[in-house]
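Trainee: Sequence:
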Amino acid sequence: MAEIRGFKGLRYAETAGKLNELCCPPYDIISESERQDLLKQNQYNIIRLELPRSYKDGAENEDMESYKEAGKILRDWVNSGILADDGDESLYVYEFSFDFEGANYAAKGFVGLVKLEEFSKGIVLPHEETLSKAKTDRFNLMTATGANFSQIYSLYMDDDNAVLDTLHKATDGSPLSEFTDKDGVTHKLWRIDGVGGQATIAKIAELMKDKQVFIADGHHRYETALNYRNSVSDKSEIGTSAYVPMMLVNMENPGLIVLPTHRIVRDLPGFDYSEIIAKSGEYFDITEGLSREESVSQSAAACKNGKKAFVLYVGGKYTLMTLKDIAVMDSLLPNEDISLRQLDVSVLHSLVLERLLGIDKANMAAQTNLTYIKLEEDAIAAVDNGTANCAFLLNGTKVGEIKDVALAGGKMPQKSTYFYPKLTTGLVMNRIFAEQ
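Numbering follows my numbering, in which position 55 of the sequence shown is assigned residue number 599; successive positions increment by one, without gaps.
One or more hints might be untrue.
What the hints assert, rightly or not - In silico BS3-like links for lysine-lysine, alpha-carbon gap of 30 Å or less:
no., residue 1, residue 2
1, K652, K955
2, K823, K861
3, K616, K966
4, K612, K755
5, K753, K552
6, K918, K848
7, K659, K584
8, K747, K713
9, K659, K732
10, K562, K612
11, K947, K679
12, K848, K868
13, K659, K616
14, K966, K851
15, K753, K966
16, K726, K905
17, K868, K713
18, K713, K659
19, K753, K562
20, K851, K955
21, K868, K755
22, K679, K652
23, K848, K905
24, K955, K868
25, K562, K905
26, K552, K966
27, K677, K942
28, K726, K942
29, K848, K947
30, K966, K652
31, K652, K562
32, K584, K851
33, K942, K966
34, K679, K726
35, K753, K732
36, K584, K616
37, K966, K955
38, K616, K713
Keep in mind the hints are simulated off the structure, nothing from the lab. Note that the coordinates shown come from a computational prediction; the quantities given were computed from them, not determined experimentally.
Using the sequences provided together with the hints, build the complete structure.
Mentor: Right under this line is the structure:
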């Protein structure tokens, strides 16, 4: 089902500097101040290509000149030897290791090109809705640069670990690249190439032929790649535009951790905590007077016991909301699969945000009164400093739930999952048109 092939990876030359000064986190989690810090580290940081300045200026209209400038910088860096293509088509083994809540984790996968397929074919499966503005931004960048600077993070099912066993055998030696980022995550990269490597690449491609690919992180980039492919399909030479780079990891890998993305509600007319609690009592068991630690702990315990729960934070108060009867979701989402109806985030969006607070789907998509926040402390701070009316602190979605929703053809609300850690950007890249 999934078609995999190698590519001539574009990588930094040693003269560019240290990798920990050249790579960066995914563009969509970088603030302008963080962007400036990355540029101060090294003038060749990949952020200059992945996130041209105008994207984070706060301007309502993207400046096309900034995208064009990114294309010029890419060509300059290639011509000057800052970036160089590997000579042969290769697959790249990528491993990240990290500490989380007192334990050490690691996940190993491979980076290769995956043939672009419409979601309707059931070969590449999404699990989240996307936002149109982000796709326009990424399309403009791809058009101006003819390159992919980052990989889409995807999962596959492999019960006998045949692919991972093959990757282990291909990574006996020292990694080609290795560095530890500011968050303590160590990134390692090996290259599968040469005569023996081509046989390994062919084996991996063969093993992946019967597998579906589940997008974990990168829905906007995948849909953008589809649009880009369609925009150049009438050309006689389309380079690798029919493919997109992915980092592929076995879904059963114990190193996979999914964190929640919390929600804050802001600028909502007539917001009233007491009124929300009164309305919620019909559907939720309400526990007030808890500390932050107590509320978050009890919410996590409810999740482990199969219940749907989250924490509402307003003005120093932490309130645990535990759904009384999941059957209420049948009437709210009658046309959706049970796997989607029974997610915590679906309960929050459909029952609380939409029905009780009156924030409809269009409002959520436009982020008019709703903002998605990664860190719990940032969500709380937004309420404390008056930026937000309230915050909802969620539990993380399970990998198995993501698989079930994707297989059923469903899509979770935007920003329902946060795979940790994020893949680094800049370790290996792909030039769609190598002659540019």
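Trainee: The structure should be examined with respect to each hint, and the outcome stated for every one.
Mentor: Hint-by-hint comparison with the structure:
Taking the CA atoms of K652 and K955, the gap is about 27 Å. The hint holds against a cut of 30 Å. The suggested pairing of K823 with K861 holds, with an alpha-carbon distance near 17 Å, which does not exceed 30 Å. Straight-line distance between C-alpha atoms of K616 and K966 comes to about 28 Å, which keeps the hinted pair within the 30 Å bound. For the suggested pair K612 and K755, the alpha carbons sit about 38 Å apart, so the restraint of at most 30 Å is broken.
Among the hinted pairs, K753 with K552 is consistent with the structure: their alpha-carbon atoms are about 21 Å apart, no more than 30 Å. At roughly 21 Å between alpha-carbon atoms, K918 and K848 fall within 30 Å of each other, so this suggested pair holds. Only pairs whose Cα atoms come within 30 Å are accepted, and K659 paired with K584 is rejected, the gap being roughly 37 Å. For a cut-off of 30 Å, the pair hint linking K747 to K713 stands: about 12 Å separates their Cα positions.
A hinted pair counts as satisfied when its Cα atoms are at most 30 Å apart, and K659 with K732 qualifies at roughly 25 Å. Annotation: proposed proximity of K562 to K612 holds, straight-line Cα distance about 27 Å (limit 30 Å). About 24 Å separates the Cα atoms of K947 and K679, which keeps this hinted pair within 30 Å; it holds. The straight-line distance between the Cα atoms of K848 and K868 is roughly 16 Å, inside the 30 Å bound, and the hint therefore holds.
The hinted pair formed by K659 and K616 meets the criterion: a straight-line CA distance of about 27 Å does not exceed 30 Å. A C-alpha spacing of about 28 Å is found between K966 and K851, which places the hinted pair at or below 30 Å, so the restraint holds. Distance hint between K753 and K966 is fulfilled; the C-alpha atoms sit about 26 Å from each other, no more than 30 Å. Restraint check for K726 and K905: not satisfied, since their Cα atoms lie roughly 37 Å apart, outside the 30 Å limit.
This hinted pair does not check out: K868 and K713 have alpha carbons roughly 51 Å apart, beyond 30 Å. Among the hinted pairs, K713 with K659 is consistent with the structure: their alpha-carbon atoms are about 25 Å apart, no more than 30 Å. A threshold of 30 Å between alpha carbons decides the hint, and for K753 with K562 the separation of about 37 Å lies outside it, so the pair is violated. Taking the CA atoms of K851 and K955, the gap is near 21 Å; set against the 30 Å cutoff, the hint holds.
Our distance criterion of 30 Å between C-alpha atoms is broken by K868 and K755, whose separation comes to about 38 Å. In summary, the hint linking K679 to K652 is supported, as the alpha carbons are separated by about 28 Å, within the 30 Å threshold. Restraint check for K848 and K905: satisfied, since their Cα atoms lie roughly 29 Å apart, inside the 30 Å limit. A threshold of 30 Å between alpha carbons decides the hint, and for K955 with K868 the separation of about 24 Å falls inside it, so the pair holds.
A C-alpha spacing of about 44 Å is found between K562 and K905, which places the hinted pair above 30 Å, so the restraint is violated. Our distance criterion of 30 Å between C-alpha atoms is met by K552 and K966, whose separation comes to about 23 Å. For the proposed pair K677 and K942, the alpha carbon gap of about 28 Å is at most 30 Å, so the pair holds. Taken as a hint, the K726 and K942 pair is honoured in the structure, with Cα atoms around 27 Å apart against an allowance of 30 Å.
Straight-line distance between C-alpha atoms of K848 and K947 comes to about 18 Å, which keeps the hinted pair within the 30 Å bound. Note on K966 and K652: the hinted pairing holds, with a Cα-Cα distance of about 13 Å set against a maximum of 30 Å. Annotation: proposed proximity of K652 to K562 holds, straight-line Cα distance about 22 Å (limit 30 Å). Of the pairs offered as hints, the one joining K584 and K851 is violated, with about 47 Å between alpha carbons and a cut-off of 30 Å exceeded.
Restraint check for K942 and K966: satisfied, since their Cα atoms lie roughly 17 Å apart, inside the 30 Å limit. Our distance criterion of 30 Å between C-alpha atoms is met by K679 and K726, whose separation comes to about 28 Å. For the hint linking K753 to K732, the alpha-carbon distance of about 26 Å falls within 30 Å, and the restraint holds. A C-alpha spacing of about 20 Å is found between K584 and K616, which places the hinted pair at or below 30 Å, so the restraint holds.
For the hint linking K966 to K955, the alpha-carbon distance of about 21 Å falls within 30 Å, and the restraint holds. Taking the CA atoms of K616 and K713, the gap is about 40 Å. The hint is violated against a cut of 30 Å.
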